[in-house]
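Heads up: the sequence shown is residues 1 to 183, going by full-length UniProt numbering.
You can trust all of the hints, since none of them are fake.
Here are the computed distance ranges between Cβ atoms for each label pair:
#1 Asp114 x Gly75: 35 to 41 Å
#2 Ala162 x His49: 15 to 21 Å
#3 Ala77 x Met1: 51 to 57 Å
#4 Met1 x Pro155: 53 to 59 Å
#5 Pro153 x Gly173: 22 to 28 Å
#6 Lys68 x Pro153: 32 to 38 Å
Keep in mind the hints are simulated off the structure, nothing from the lab. From the three backbone atoms N, C-alpha and C, an ideal C-beta is built for every residue, glycine too.
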Amino acid sequence: MDPHIAAALVPLLGWAVHGSVLTRRLASARRDPLTGLHTRAGWTARAEHCIRRHPAAAVLLVDLDHFKALNDTHGHAAGDAALVATADRLRTWCGRNGTAGRLGGDEFVAVVRDLAAADLDALTAALHRPLPYAGTSLPLAASVGVCRVAELPTPCLTDALAAADAAMYAAKGRGRRGSRASG
Numbered sequence: 001m002d003p004h005i006a007a008a009l010v011p012l013l014g015w016a017v018h019g020s021v022l023t024r025r026l027a028s029a030r031r032d033p034l035t036g037l038h039t040r041a042g043w044t045a046r047a048e049h050c051i052r053r054h055p056a057a058a059v060l061l062v063d064l065d066h067f068k069a070l071n072d073t074h075g076h077a078a079g080d081a082a083l084v085a086t087a088d089r090l091r092t093w094c095g096r097n098g099t100a101g102r103l104g105g106d107e108f109v110a111v112v113r114d115l116a117a118a119d120l121d122a123l124t125a126a127l128h129r130p131l132p133y134a135g136t137s138l139p140l141a142a143s144v145g146v147c148r149v150a151e152l153p154t155p156c157l158t159d160a161l162a163a164a165d166a167a168m169y170a171a172k173g174r175g176r177r178g179s180r181a182s183g
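Can you make the complete structure from the sequences, with help from the hints?
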């Protein structure tokens, strides 16, 4: 090989490696390290895309009920186990119909292409199933707020999140197991 060509390839190889490292770092920054779900930034891009392409899309907000008490009573490792279990249950429920994310703390979010094709009762049941942990059974409960994007005056993610948030707090305020849809 010509030494001039080899000398020119070394910097190109360096840039290729550097680009690969940056790509991996960006991808990992868009994933929550505990649950593996998308972070707010990673989820938002997917949710906006879903809302644009699917008129029957819905946005859900999920908040664990009594999470602080669980953490205080059973410890942070149990709290982490509850977060991981909730993430797994939400991810499984979304399947190929949507995308789940973790906003932070005990708040989760999901977008589904078609709420009619998703079994909301199955999600509620999964989120309320006790979690086996260290020889005991941890009680899990969650409040779910739902916004059907088609019911909004303008189908945008910001408004859908606000409506799902209001519906979630209404469900939490009623103290009932289950979910509440906006509208």
